[in-house]
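Engineer: Take a look at the letters that make up each chain.
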Amino acid sequence: MNKIKHFSQVNDFTKEDFDEVFRRAKIFDVKGKDFTHVAPGKVLGLGFFQESTRTASGLQSAIIRLGGGWNGIPSPAGSYVNIGEESMDDTLNSLSDSADILGIRHKNFDLATYSKKATVPLINGMCGGDEHSAGALGMAYTIAKKMGKMDNLKVGMYGMVKSSRPSKAITRLLAKYGATFYVDPVIPEFNTPDYIKKEAEASGAKFITAPVKDFIGEVDYFSVIEGLPQAGEDPKHLEAYNKDFQIMGKKDFALLGKQSSFSYGMPGAMTDGRMIVNMTEADADSRCITHAMLKDWTAVMMALITYLLDIKVK
Amino acid sequence: MNKIKHFSQVNDFTKEDFDEVFRRAKIFDVKGKDFTHVAPGKVLGLGFFQESTRTASGLQSAIIRLGGGWNGIPSPAGSYVNIGEESMDDTLNSLSDSADILGIRHKNFDLATYSKKATVPLINGMCGGDEHSAGALGMAYTIAKKMGKMDNLKVGMYGMVKSSRPSKAITRLLAKYGATFYVDPVIPEFNTPDYIKKEAEASGAKFITAPVKDFIGEVDYFSVIEGLPQAGEDPKHLEAYNKDFQIMGKKDFALLGKQSSFSYGMPGAMTDGRMIVNMTEADADSRCITHAMLKDWTAVMMALITYLLDIKVK
Amino acid sequence: MNKIKHFSQVNDFTKEDFDEVFRRAKIFDVKGKDFTHVAPGKVLGLGFFQESTRTASGLQSAIIRLGGGWNGIPSPAGSYVNIGEESMDDTLNSLSDSADILGIRHKNFDLATYSKKATVPLINGMCGGDEHSAGALGMAYTIAKKMGKMDNLKVGMYGMVKSSRPSKAITRLLAKYGATFYVDPVIPEFNTPDYIKKEAEASGAKFITAPVKDFIGEVDYFSVIEGLPQAGEDPKHLEAYNKDFQIMGKKDFALLGKQSSFSYGMPGAMTDGRMIVNMTEADADSRCITHAMLKDWTAVMMALITYLLDIKVK
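Protein chains in written order, with my numbering: chain E, 1 to 314; chain U, 1 to 314; chain L, 1 to 314.
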């Protein structure tokens, strides 16, 4: 038997793994084509212990389009974990007994450690403190599709990188392709964590901290990071952050290069009730790839699921 | 690309649209036949932000029987909307990115307005203040099946039309086929709203307000309306309503014509804890089509989904 | 039309029914084989009004692997029953209108009585005070698979039989195959209820109450019963039970016969926060069949569903 492949974190995959997943994603990225012969009767188990609009739905669509279905716990209400009668380990062990592959969301569960004893492949759908690995995979696919390349991208980020699991994951992923990151974290405390920087630099990535206006005109891809922090952030930092955070709109996007693209995190709400971008202005801009990412994401998850399940795709 | 078809409200459809959906429903209304080749891998996204027993289940069955599956938010617990972190617009926009078609329930969201910018077809599964459009579609199908015709029906209604979204929707729908409505709203405040009457009369419908005993013997189809009002009804009206509402039973149904049919709304509970009908007596009557409607409803939803998705059905 | 078959309780089935289901389970118990041609488009309706990790997931997997899908209410949050607006009878009647078969969990609903008027086959997924019938079916299958026989098994039980619905159901089931039960209920109040004993003895079963150390070396199969009681147990009994209950571990399993097998109930938590077994030690023992049962269970449910739906399986 082959070793079980996991995507419990970005670093489970080599660049070759990513290349193969992106190759498959292109095959599945065809609207309306029938792929139900690819994984008939296969079951994706969900263990989602935080709310989800996009990730759970995209994973569900992926397995349905492949000819299978999903089971398990798609939302935090109504489970034994939720009422405190069962541990994450026991729950995932049990879900593994009836599913072929699991997708998991939890605020702090360490999925990489759990993966060592897991009996089916795992997908990190924003699990643990550091990563929305599956989200980052989709973001990278759409960025590369729009830019025509994955290598040596100039990536701008505005917002709380430190407290954004998608942003930390995309940093790790694009670092493997030699990206340079221009980061305006609004307040220094929300900059990319040092341990992620060091790890990414070892892969050839570079980091530049600067005000957004200094780099927005230079980057290939610009990310406005979601404004709801991970649980446990210091309220004083959030107050300072909200005070200085400028909502991004038309006048900011005007500074972006014509061939560049950008996206905003979702949910787009901030803790002070504002939205991180003027969504109407953002969505009206043809360079905005937020919904393109979400639309592509099902195909990327079809690619990931088939790859982890060792299903051949030509 | 064709314009996206929606069923965000009864008035999205012309009589020709309804005729075509009912034609398809007859094809799908065959117990046990395999239709999984019709829509393999297609995904119905649910955005149900109020409880549902029948509507969500029927929509889910419809897409499964067509060879696809469902994703999204099937019940109000455990979503970002539920915890106040995301708007309906953003949620539906995002669900649209991974689904082929959406079914939606919400107490006051204006689906017709949203449909103008929607990127996939929408089904109103009791959304907004006025309509359970998909419910009405199924009711009309079964009524016509039992009566052998859809045109010029005499329809009796007993109960809070004003506060019943299925009743307001069926009024609009059958008005297109020239129905005459005999309404006993128990108290005047719960009569069919004037704006719906005017609109329906413009389609050729007629309205007569009278005590139920005066018309129950005359109608082709008689509806006992559910007793739980929409959110926000005046408690004084409800008190007066409950005081005068008579539970319908065997002795009332005895007054109905032999060729007539009737149904009762579900859930059948009233705000004072009573049930709107004696269910045992109602279900024992061969003219009661409540469960026939529910049984037919999956086929009607298969018809609606395929029609909205432009899938040919012969 | 054939009479509708139900599995609302163990006693709905004769030994011949069980034999046929186990025959089918062997056919489906093949990892990775495609069975989606068996029940394409069939719908399993869930009515789960208590939490579930394993039962709901296994039922969902079973219908997906057979080519169908599931709908309904998979967890207690967000349903009309949950908010008190609809009865179990009305809910199940309505779910029956869109599904081909129902799986049900409820703390005290009498499913056997309801089955007399049910319009689709019912599966008891831990419903009512006495039984987790579907759970017991799977346990019996795996025990027989490991022991090479179903007849005349020596079964040891340690824990609160009286308050364990899986244990009461497996007692009834294995009694039909002439089992002898060695029971250590920790406190006398938690012994197998007399009415179940009498019924089982009428089928040829025997019961011996003794301390676990006296029989653990003698039995073919040993069950450590879950430690969370059914709702309504006397707190004084629980206190006495917790005081005397010994967590089972390596040193206890060492006393088991080499050809014997054992399992522990899940969730494994007790009301005092302890776990009923040392799970690491239990899972490391090759005779522990807890997860083997769960892995086999999907195949057993595929067998049960096809049998209840009168689908031929060769």
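Treat the hints as calculated values from the structure; they're not laboratory data.
Hints are supplied without guarantee of correctness; some may be wrong.
Treat identical chains as interchangeable: a pair holds within one or across any two.
[As the list claims (entries may be wrong)] Within a straight-line C-alpha distance of at most 20 Å, the following computed SDA-like cross-link-like pairs (lysine to any residue) qualify: (1) Lys236 to Ala118; (2) Lys197 to Ile4; (3) Lys197 to Asn11; (4) Lys258 to Glu233; (5) Lys198 to Thr209; (6) Lys312 to Asp34; (7) Lys3 to Lys31; (8) Lys116 to Met279; (9) Lys145 to Asn82; (10) Lys3 to Ala269; (11) Lys31 to Gly129; (12) Lys149 to Arg23; (13) Lys250 to Ala231; (14) Lys26 to Ile311.
Here the structure is a predicted model, which is why all the values come from computation and not from measurement.
Engineer: Can you give me the call for Lys236 and Ala118, within, between, both or neither, at a CA distance of at most 20 Å?
Structural biologist: neither (39 Å within a copy, 39 Å between copies)
Engineer: How would you label the pair Lys3, Lys31 (within, between, both, or neither) given a Cα cut-off of 20 Å?
Structural biologist: For Lys3 and Lys31, only the inter-copy Cα distance (17 Å) is at most 20 Å; the intra-copy one is 33 Å.
Engineer: Checking an output row: Lys258 and Glu233, CA cutoff 20 Å. Within, between, both or neither?
Structural biologist: The answer is neither: 36 Å in one copy and 54 Å across copies each exceed 20 Å.
Engineer: I want to check one pair: Lys198 and Thr209. Are their C-alpha atoms no more than 20 Å apart within a copy, between two copies, both, or neither?
Structural biologist: Within one copy only: 14 Å inside a chain, 64 Å across chains, cut-off 20 Å.
Engineer: Pop the pair Lys197 and Asn11 into one bin, within, between, both or neither, using alpha-carbon distances up to 20 Å.
Structural biologist: within (14 Å within a copy, 57 Å between copies)
Engineer: Taking 20 Å as the upper bound on the Cα-Cα distance, should Lys31 and Gly129 be classified as within, between, both, or neither?
Structural biologist: neither (34 Å within a copy, 35 Å between copies)
Engineer: Measure nothing new, just compare the shortest in-copy and cross-copy C-alpha distances for Lys116 and Met279 to 20 Å and report within, between, both or neither.
Structural biologist: between (42 Å within a copy, 17 Å between copies)
Engineer: Which holds for Lys250 with Ala231 at a C-alpha limit of 20 Å: within a copy, between copies, both or neither?
Structural biologist: neither (31 Å within a copy, 39 Å between copies)
Engineer: At most 20 Å between alpha carbons: which applies to Lys26 and Ile311, within, between, both or neither?
Structural biologist: within (16 Å within a copy, 25 Å between copies)
Engineer: Up to 20 Å between alpha-carbons, please classify Lys3 paired with Ala269: within, between, both or neither.
Structural biologist: For Lys3 and Ala269, the Cα distance exceeds 20 Å both inside one copy (41 Å) and across copies (32 Å).
Engineer: As a check of your reading, is Lys197 near Ile4 (CA-CA no more than 20 Å) within one copy, between copies, both or neither?
Structural biologist: Answer is neither; intra-copy 29 Å and inter-copy 46 Å both fail.
Engineer: Can you tell me if Lys145 and Asn82 fall within 20 Å by alpha carbon in one copy, between copies, both or neither?
Structural biologist: neither (39 Å within a copy, 34 Å between copies)
In summary, the structure is inconsistent with hints 1, 2, 4, 9, 10, 11, 13 from the numbered list given earlier, while agreeing with the others.
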